[in-house]
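Using the hints, position chain B against chain A.
Protein chains: 2
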Amino acid sequence: MPSVIAEDSVGIVNSQIYSHTQPFTLQCGTTLPSYELVYETYGALNENKSNAILICHALSGHHHAAGYHSMDEHKPGWWDTCIGPNKPIDTNLFYVVSVNNLGGCHGSTGPLTLDPETQKFYGPSFPSVLVRDWVVSQSHLADHLGIHKFAAIVGGSLGGMQALQWTIDFPERVHAALLIACAAKLSAQNIAFNEIARQAITTDPNFFAGRYVENSVKPSQGLMLARMIGHVTYLSDDGMRDRFGRELKSGDLSSGGGVEFQVESYLHYQGRAFSKHFDANTYVLMTKALDYFDPARETGDDLVATLAPVKAKFLVLSFSSDWRFPVDRSREIVNALIEARKNVAAAEIESDQGHDSFLLPIERYVRILRSYLIRVAGEVGK
Amino acid sequence: MPSVIAEDSVGIVNSQIYSHTQPFTLQCGTTLPSYELVYETYGALNENKSNAILICHALSGHHHAAGYHSMDEHKPGWWDTCIGPNKPIDTNLFYVVSVNNLGGCHGSTGPLTLDPETQKFYGPSFPSVLVRDWVVSQSHLADHLGIHKFAAIVGGSLGGMQALQWTIDFPERVHAALLIACAAKLSAQNIAFNEIARQAITTDPNFFAGRYVENSVKPSQGLMLARMIGHVTYLSDDGMRDRFGRELKSGDLSSGGGVEFQVESYLHYQGRAFSKHFDANTYVLMTKALDYFDPARETGDDLVATLAPVKAKFLVLSFSSDWRFPVDRSREIVNALIEARKNVAAAEIESDQGHDSFLLPIERYVRILRSYLIRVAGEVGK
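From first to last, the protein sequence lines stand for chains A and B.
For the first sequence, our numbering gives the first residue as 1, with consecutive numbering after it.
For the second sequence, our numbering gives the first residue as 1, with consecutive numbering after it.
Chain A on its own, in the form it takes in the complex (with noise of 0.2 Å):
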């Protein structure tokens, strides 16, 4: 609970609630009578509505990306330390926008919800869900915010993953993408981690084939196991070291007694933590977007030819020591970027956190997405 909310806090922000009334057909093919999403937003849009920052939020995120709901709330929104007053994602010059996507289970229309149709939650019968189906959502709740095109559209990880869709489907709508520790398709040591995941929670006796809201229980053990395991890949072997090395929680390793390591014992809090406010199907559900996505797929994997017809500039960004979302992953886009003669800025940023280095305040990231981001608010008008 914030004593008091710092000056570069949005302070307390409410959530509000999209209602597209439409059908909206998927890319599966499946058509949802209608959906909502909920999102937040922080600054003021200015007149020519031109001034406007989306922000794409991870596997595990959500839209309460900065600021408070209450007095009462521990701790404040995901990217808190981007997002304010004179912070790098300045509410002083931007009106920025965070969305919950499709199939979220943090308040947008996901398995969580009951289908209109069957008056059941939707839970595993939620259709599939890809990065292209949230890019044309997010549009839509642009479209009724009036926002033509967005100044920025900024994305760590699966978020990256978004901004990218977008440049690619709604070229004219993006001004300048902002590309942080993702990629253009995950390698098949992603997928296997993922799939590990799945595989922890959908065989917990408590999943029930997704049906556990209807049977009053959680597949808690499954999704605290497939947190801990995304949670090991989102650190590195370093940052681990420096930060539990070989401590002890108790016991003796000389006799093998009783003994429980720092790591595990940390572990094991993320784990339940998470496994108390997170929905199952749509874990299953966001890591197989995560998978499937794979742009370049439609071109013979020739990634040039698919960001051909992309018009926005680009900032992208990665971490020394992230391993999920390696270097190498944000080298192939500016390299395809380059070769297709776009606008292009790109720094590598040395970082021993690992893939989570993007939600840390690591001083030469805030500099550089504080000043790419001047620039643009001069180039779209404040």
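Be a bit skeptical, because a hint or two may be false.
[Said to hold, decoys possible] According to the in silico footprint, chain A covers these stretches of chain B (three or more CB under 8 Å from chain A):
{"hint": "1", "stretch": "19–29"}
{"hint": "2", "stretch": "185–197"}
{"hint": "3", "stretch": "239–253"}
{"hint": "4", "stretch": "364–370"}
It is worth saying that the hints were derived from the structure and are not from the lab.
Note that the structure is predicted; figures quoted are calculated from it, not measured.
Glycine residues also receive a C-beta, built at the ideal position from the N, C-alpha and C atoms.
Just chain B now, kept in the frame of chain A:
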């Protein structure tokens, strides 16, 4: 099934049992009233009993390292690429002893053994076993075989840790230690992956707090998950890219329908196969032995001091793409050995096969192994 046994195979082999009929007190303080070790030997012991090589196995290994148990056996022993006449561990020169560790599930006394005191399966009550205990029990087997000093003790991964512990605890009994893809202690990341595997096993509803045998079930899902996690960490990102890429076994990425990637199918197969022949309590026990191994802890984290009494010569090998036991971990051992003024040779082998490289017939690797051991044969007398 081998239709013809190759000339460089040790051929049909039989397992033997060593029965230790005296009580054996483990590091944890518990005393086993007796124990058995199952082992195999390949080649002939010379008159001086100076040409014996001990093979120490890794997490999921066992005593059957080379040859076939029968003409019906589908695959040869797990290190058949390296053990045999004219192979790197040359049975024309050496008498090779390969043992299943105490606590194992392939014939040595372990959780699947009846506790003579209670006449129940040990199961989860099998005492905690440390690397040091394995080394002592292996020394009892050596006594039984009349081997005072091994020409070489060879191990990859957890096997390398046993070889290292041998040189510390029995300096007079090891001529050469070959440490392959190992480390002087696990990192926080390593421990984290092991703990996730243990969680997967122990939270399987068929685990029954380790009493699954009495309940006539197996925690197969948990073991399968544990193996999938392990398997991904034994491969490299590049190796998986080359082998699986984003190839689909079924489905359509552009709609997200019925998608299964080849890498998912492969991991399911590997996990299921492993869960059929491995014991869950043994997996938990062995991962803990890995986690707890830390010989330098007794000298205040001073590996040089720990190695001071060592008399063996060393060959230390590591693989460029091994991120579970990276080359840096081997360098720590090499540097400590140099500073402790020991005889050490080392090589870092280029390979994109990750930690699993130590099991593969990589040309430079097997050439170095063979050359080194031919020199050892000259030193100890054939």
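Evaluated hints:
Counting residues of the stretch 19–29 of chain B whose beta-carbon sits less than 8 Å from any beta-carbon of chain A gives 3, enough to reach three: the coverage restraint holds. Check on the stretch 185–197 of chain B: 10 of its residues sit with their Cβ under 8 Å from a Cβ of chain A, so the three-residue criterion for coverage holds. Only residues whose C-beta sits within less than 8 Å of a C-beta in chain A count toward coverage, and the stretch 239–253 of chain B has 7 of them, enough to reach three; the restraint holds. Evaluation of the coverage hint for the stretch 364–370 of chain B: breached, as 0 residues show C-beta separations to chain A shorter than 8 Å, against a requirement of three.
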